[in-house]
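Mind assembling these two chains? They're in different frames, but the hints should get you there.
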Amino acid sequence: KNEVEQSPQNLTAQEGEFITINCSYSVGISALHWLQQHPGGGIVSLFMLSSGKKKHGRLIATINIQEKHSSLHITASHPRDSAVYICAVADNTDKLIFGTGTRLQVFP
Amino acid sequence: DTGVSQDPRHKITKRGQNVTFRCDPISEHNRLYWYRQTLGQGPEFLTYFQNEAQLEKSRLLSDRFSAERPKGSFSTLEIQRTEQGDSAMYLCASSPTPRGAYSNQPQHFGDGTRLSIL
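The listed protein sequences derive, respectively, from chains A and B. According to the numbering used here, the first sequence holds residues 4 to 111 in order. According to the numbering used here, the second sequence holds residues 127 to 244 in order.
Don't take every hint at face value.
[Stated by the list, open to error] Lysine-lysine pairs mimicking DSSO-like chemistry, simulated, CA-CA at most 27 angstroms apart: (1) A/98 - B/137; (2) A/56 - A/71; (3) B/183 - A/98; (4) B/137 - B/197; (5) A/58 - A/98; (6) A/56 - A/98; (7) B/197 - B/183; (8) A/57 - A/71; (9) B/197 - A/98.
[To be verified] Coverage of chain A stretches by chain B, computed from C-beta distances (three or more under 8 angstroms per stretch; other residues unrestricted): (10) 46 to 53; (11) 92 to 104.
[Said to hold, decoys possible] Over 12 angstroms on every C-beta distance to chain A, these chain B residues come out as not near it, computed from the model: (12) 138; (13) 142; (14) 143; (15) 189.
No wet-lab data here; the hints were simulated from the structure. All residues carry an ideal CB built from backbone N, CA and C; glycine is no exception.
Same shape as in the complex, but just chain B (with noise of 0.2 angstroms):
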């Protein structure tokens, strides 16, 4: 096990560009989640897939905003044409696919990207 990846660890960039950031799950993990966190708050939910079909977006993720999973392994965020407001950390987190309907199951999360927008 070694743990959620997610490269890079930082990226700076001037408002207007696009980024994409990567994240590498837990190698058995079926479900990838990502969540933006701002400072002094806690994450929010942006996306999750269920091996590589993307199964739910939150309103946050405006359409500047996309994510892949294409073979169902690893996973991309990208952000088109940053505005200040994208300036957060964004965290991947996997997990098991549940073991019933309606078990869960804990979520791993990776160190995060830090997005600061120029």
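Just chain A, same shape as in the assembly (with noise of 0.2 angstroms):
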């Protein structure tokens, strides 16, 4: 079993559908971190968070440290939201264990 687990693995939606994306983790952490990957391979960070809840624009994480749970949700989807969310965990060295992602697409 994978440290980190995220589901769905491939997500279609249609343009401004409420999209969430979940990830567990069975390691003790101290943060956890949403990235966003295009293809090509750049990856960029979304969200670091060690509790409760933030908010970026149409994005909000959230995190459970109890349940060893987080979502991604994205508001309002946009056809430019297309691209792999990356769920990963870090521990107290910042070395970040991640999961397989979530490929998203959606269709205008």
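Okay, structure coming up:
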């Protein structure tokens, strides 16, 4: 069993839909990261959180430390949101353990 | 902030050859990480540096792999006697030193070096 599990693996949506991507982890962590990866490889950090909830524009990330679970929500999805979204957890060295990613396609 | 730079972007080589990749982190970042990503998978940790010191290496990093960060700035990752299984995207990331004992910092990623072994 992987230390970081994401669901779903693939997700398609119509423009405007509300999207949720889930992440569960089985190890002790000091922070959880949500990352976005576009075709070609570039990875962008979206959120780093260790408790509660963070919001940036149309993106919201939540974490429940007791349940070892996090969710990434995208409101009013847009085709430009199409990418792979990766959950990663960090220990106190900041070394990241990654999930396998969720491939999101948003159609107009 | 010019971002994390990796060179080359793509490398195609024959099996058995040696390859070296370079990563230039964001200038004030003390920590530098190397990850490897195969197709359809999430990245996997290889090694990381705090300044010039290599503090941890993954079991994935066989003795054919070596990484250096000689002056605490840029880093190189060398693979000797490449094998088909080394084909992957090699990602570098950097972050500032955490402010407290257990605080974390976001990592800034380069665009990666895609290695193809023929």
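Okay, the hints, checked on the actual structure:
1. A/98 - B/137: holds, 26 angstroms
2. A/56 - A/71: Answer holds: residue 56 of chain A to residue 71 of chain A is near 14 angstroms, not above 27 angstroms.
3. B/183 - A/98: Measuring from Cα to Cα gives roughly 11 angstroms; hence the hint holds.
4. B/137 - B/197: Between residue 137 of chain B and residue 197 of chain B the Cα gap is close to 25 angstroms, so the pair holds against 27 angstroms.
5. A/58 - A/98: This hinted pair holds, its Cα atoms lying about 24 angstroms apart.
6. A/56 - A/98: holds, 22 angstroms
7. B/197 - B/183: holds, 19 angstroms
8. A/57 - A/71: Satisfied, since the Cα-Cα distance of roughly 17 angstroms is no more than 27 angstroms.
9. B/197 - A/98: holds, 21 angstroms
10. 46 to 53: The restraint on the region 46 to 53 of chain A holds, since 5 of its residues have a Cβ under 8 angstroms from chain B and three suffice.
11. 92 to 104: This one holds; 11 residues, not fewer than the three required, reach chain B with a Cβ under 8 angstroms.
12. 138: holds, 16 angstroms
13. 142: At roughly 25 angstroms from the nearest Cβ of chain A, residue 142 of chain B sits farther out than 12 angstroms, so the non-interface label holds.
14. 143: holds, 22 angstroms
15. 189: holds, 21 angstroms
Violated hints: none; the structure is consistent with every hint.
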